[in-house]
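Student: Taking the hints as your guide, dock the two standalone chains into a single complex.
The listed protein sequences derive, respectively, from chains A and B. So in my numbering, spot 46 of the first sequence is number 87, and the numbers just go up one at a time. So in my numbering, spot 98 of the second sequence is number 111, and the numbers just go up one at a time.
These are computed hints drawn from the structure, not numbers from a lab. Owing to the predicted nature of the structure, the values given are computational and were not obtained by experimental measurement. Warning: the hint list may mix true and false statements.
Claimed, not checked - Mimicking BS3-like on lysine-lysine, the simulated pairs with C-alpha atoms at most 30 Å apart in a straight line are:
1. A:K148 / B:K70
2. B:K91 / B:K70
3. B:K70 / A:K90
4. A:K148 / B:K91
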Amino acid sequence: AQSVTQLGSHVSVSEGALVLLRCNYSSSVPPYLFWYVQYPNQGLQLLLKYTTGATLVKGINGFEAEFKKSETSFHLTKPSAHMSDAAEYFCAVTESGGSNYKLTFGKGTLLTVNP
Amino acid sequence: GAGVSQSPRYKVAKRGQDVALRCDPISGHVSLFWYQQALGQGPEFLTYFQNEAQLDKSGLPSDRFFAERPEGSVSTLKIQRTQQEDSAVYLCASSQYMVTETQYFGPGTRLLVL
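Chain B with its partners taken away, still in its complex shape (with noise of 0.2 Å):
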């Protein structure tokens, strides 16, 4: 079956611009995961849903960034006004549930702010 898939792919912002990256998770997927993942170091923890309630958005860097999933289903990172220190690779992953559940991860958003 499908997998968690993003877009876009590669996402090049000129500084102070805004970005949205989207992610579109396993179909009936209860729980959803943002993760940044700068180069060199593993994921970090952004923020999680389950269905449309973001319970945990404690990994947030800034009030420029923004997570929403109206419908509990597809989800949307924005970033307003990006930075420098934005550029990473921005991984989306979800799981049935919670907890011991797998989380399946997508191919990941590159985003480079120049």
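Isolated chain A (complex conformation) (with noise of 0.2 Å):
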């Protein structure tokens, strides 16, 4: 089964910083890759995937990703902070094989953004 790795349960950054939260996975398949957003008491939104094509990925809000499958990572950047990107950030990973549909997902990152 897949796992996932998201380095730092916690992140903070100051309003106009780069933003890096960082996502490993364990397979060797190279896997569909995800990352979600979530805002208290709301669900998850997506932010961005990767399939297949370009590695370098972009989503909405200014975010992007990139597959580095030599390095099994998938972190998520963005190049100045917006105090609206305070929230919770999940990586996720699809199973392979026959279970492709299942999205295993890592512990989250929660990000605070400083004024």
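Tutor: So, in structure tokens, the structure goes:
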């Protein structure tokens, strides 16, 4: 089964600073990769996803992520943090093979943005 | 258009009570998923439906958990004889098909078992 590691359960940045949220996955077979954001008392909203093709993926709200197969990583970045980016972020991957509908999530990274 | 809706949003149950959680997926979505999110954790897969067929229930924690989607639309997750460890947020998601399709999540039902 897949596993997902998100380094840093809590990341704090200043408004306008670079945001970097780390995600590593376990499979040697490239899965499909996702980043979701969760605001308090709300469901998960898709930020971006990688399936095939270009390894640099652009998402909503200025976020992007790069799939690096050699590092089994899919880190999320944003050049300049905004106060509205404060939320919890989850990296997720699909299982391989016949269970590829099933998402496996990391434990999440809480992003706080300081004025 | 309307997204995935879940009801109730909050549920408090006494230990041993049965509860039923409802999910209304996006209209026309074939696939429906249930996830359990414990406090401070990421969501964990419970079960998967394609139309009315439950194709995977490998994530259900015990035989006290039961899910159904009889007409291929609305789904209900039922927990019998609730235990304190069942306290969590239960998320429902739907997608048009599967695999690379985006899963759209509802707001969740927060269950607290006392």
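Student: Next, verify each hint and record whether it holds.
Tutor: Checked hints:
no.	hint	verdict
1	A:K148 / B:K70	22 Å, holds
2	B:K91 / B:K70	13 Å, holds
3	B:K70 / A:K90	25 Å, holds
4	A:K148 / B:K91	25 Å, holds
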